[in-house]
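**Student:** One-letter residues, chain by chain:
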Amino acid sequence: MTTRVSADPESVERGLVQLVLTIVELLRQLMERQALHRMEAGSLSDEEVERLGQTFMALAERMEELKEHFGLTTEDLNLNLGPLGDLL
Amino acid sequence: MSVLVYAISTDDARAPASSELHEICAAGLRALAEPVAARPPADIEQLVRYEETVETIMQSHTILPMRFGSVLDSADQVRELLRTRASEFQSTLEHLAGAIEYGLRVSAPHEPSDSDDDRTYGGPGETYMRRRLAQQSRSQELRAWLDSELGGLVRDCNYRAMPDAETSLSAAFLVDRLLEHDFRDRVTEISKTTDHGLSWSGPWPPYSFAAGVHG
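First to last, the sequence lines map onto chains H and W. Each residue of the first sequence is one higher than the one before, counting from 1 in our numbering. Each residue of the second sequence is one higher than the one before, counting from 1 in our numbering.
Excised from the complex, chain W in its bound form (with noise of 0.2 Å):
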């Protein structure tokens, strides 16, 4: 029978005690899976279900969160995947550990400048190209001001650019537990203090911090 993978954790993690979830082990690590007769669809109903019990593990472990529809053909298979990325897999864990995420989203459109204004550019071509010079230059802005506010707080980040027209930048912020509640002040008194559009959401699993497991 196939198995849907939630999370590896390291040996000592338990399957929540109100799922289905088998563990499966290896090499020192555990894999948290569900048997299944075929791939979940991937509605509303299955996703919230699936995210809900990965934070449920979260809770109590540290954890490399898969993507939902991480299927694999029998257990047996799981177990040469812990094995055979083993390595990977504990210093992900390692780096991990004791951690969860959180995400930023900043709002701030370029402003035109009276320069800016009094340039007649040559046609929608050259609009497009000064367009997107200034949002690049705002991306960079934004990362160095971000870096300096939260620096001290995260353990490790990765930053987008203009990920959609609405947002400048997205950040993902590796955050040490123990300082999550000094990481939620910061953000909420800079949010409080800048003309900037600021929207975060969390604490998550940290998934832009595992990605590499997904490959």
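Chain H extracted, bound-state conformation (with noise of 0.2 Å):
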């Protein structure tokens, strides 16, 4: 596409950290559920599912600390995939 939206060096920067974060908070996303599922069919030990709950507890500390850092919200950190619906 050819278009071109006007677009100055702030708005890009922040473009850029929104799809960053966007990406970071997919992965998060995905392996929580992959733990969760491993969790409910039991093929987690304790000691496993500890160190990954500590470890998920602070990804989403820190994630909600550079979404206020960066004045994003949670709805900001999305994608519209058309058709397939949104990404998160």
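One or more of the hints may lead you astray.
[To be verified] Sample of chain H residues facing chain W (criterion: CB under 10 Å; computed from the structure): (1) Glu25; (2) Leu44; (3) Thr55.
[Unchecked claim] What follows is a list of derived Cβ distance ranges for each label pair: (4) H:Leu16 / W:Ile190: 42 to 52 Å; (5) H:Glu64 / W:Gln140: 51 to 61 Å; (6) W:Ala86 / H:Glu65: 25 to 35 Å.
Hints in this document: simulated from the structure, not taken from any laboratory. We treat Cβ as the ideally placed atom computed from N, Cα and C, and that holds for glycine.
Join the two chains, each given in its own frame, into one complex according to the hints.
**Tutor:** Right, dumping it as structure tokens:
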């Protein structure tokens, strides 16, 4: 598509941060869902559940800090994939 | 001069008489846009004015509402956008024809059962994981519940599990205008009979169902 949308350096930087955080959040959610699935299936030991839980908890807290730092909301960290629906 | 696009509609759409919007046509579509010298600031006054204008257009036309700040360099670029994505815009307009959006948020925190109380978890990590499992399960139950209660009254729906700490599930419903009163009556009815916290909003322009046009 050759249409160009007006853009200034500040909005480009914000868009890049938004995209990077969206991908990080996607990976965090995918890993957490996989871990929850394995936990439900009983394939994780208690020690593994504890260690994973602490990791995901720390990642979630860090993501909240980053969103606050860059002035982004949870709604901002998403991509619409048209007929496939939302990314997150 | 740049243009701020408010909405895209079919080529019979007209700008509200009270507005200063221009109609930009191409490929059987019509964009309603305002010439601007620069991207407007994202302050409350501008956002409210933008939203009110989009809602005014929505009263009489099926629209693809644009996000605030959709500025293109010229009317020619808007025409090019309409031409290059005409098929996508037209099929989305057909899906949205005669419908509006309602939002619904459900607050139904997981309540620990007796068995939960008796269980001693290993530590904060396991407690976090078990809480996430319970929240996930709760969201799935609520989605099935809303599907059964409202499914016959909506054309389409989007769900988002746990969008924030207070909300278990948020939903956007695409509702046919002819069924709008039935939908609202049904939501009022179920909010009286359920223990879940329900809050609804709308009617809105169908932002949640036209999101693909912003890509």
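**Student:** Each hint should be assessed against the structure and marked as holding or not.
**Tutor:** Verification of the hints:
1. Because the beta carbon of Glu25 (chain H) sits about 13 Å from the nearest beta carbon in chain W, more than 10 Å, this interface hint is broken.
2. Hint status for Leu44 (chain H): holds, given a least beta-carbon distance of 9 Å to chain W, under 10 Å.
3. This hint holds: Thr55 (chain H) has a C-beta 8 Å from the nearest C-beta of chain W, less than the 10 Å allowed.
4. Separation of Leu16 (chain H) from Ile190 (chain W) is about 43 Å and conforms to the stated range, judged on CB atoms against 42 to 52 Å.
5. At roughly 24 Å, the beta carbons of Glu64 (chain H) and Gln140 (chain W) sit outside the given window of 51 to 61 Å.
6. Roughly 43 Å separates the CB atoms of Ala86 (chain W) and Glu65 (chain H), a value that falls outside the hinted 25 to 35 Å.
Hint compliance for this structure: hints 1, 5, 6 are not met, and every other hint is.
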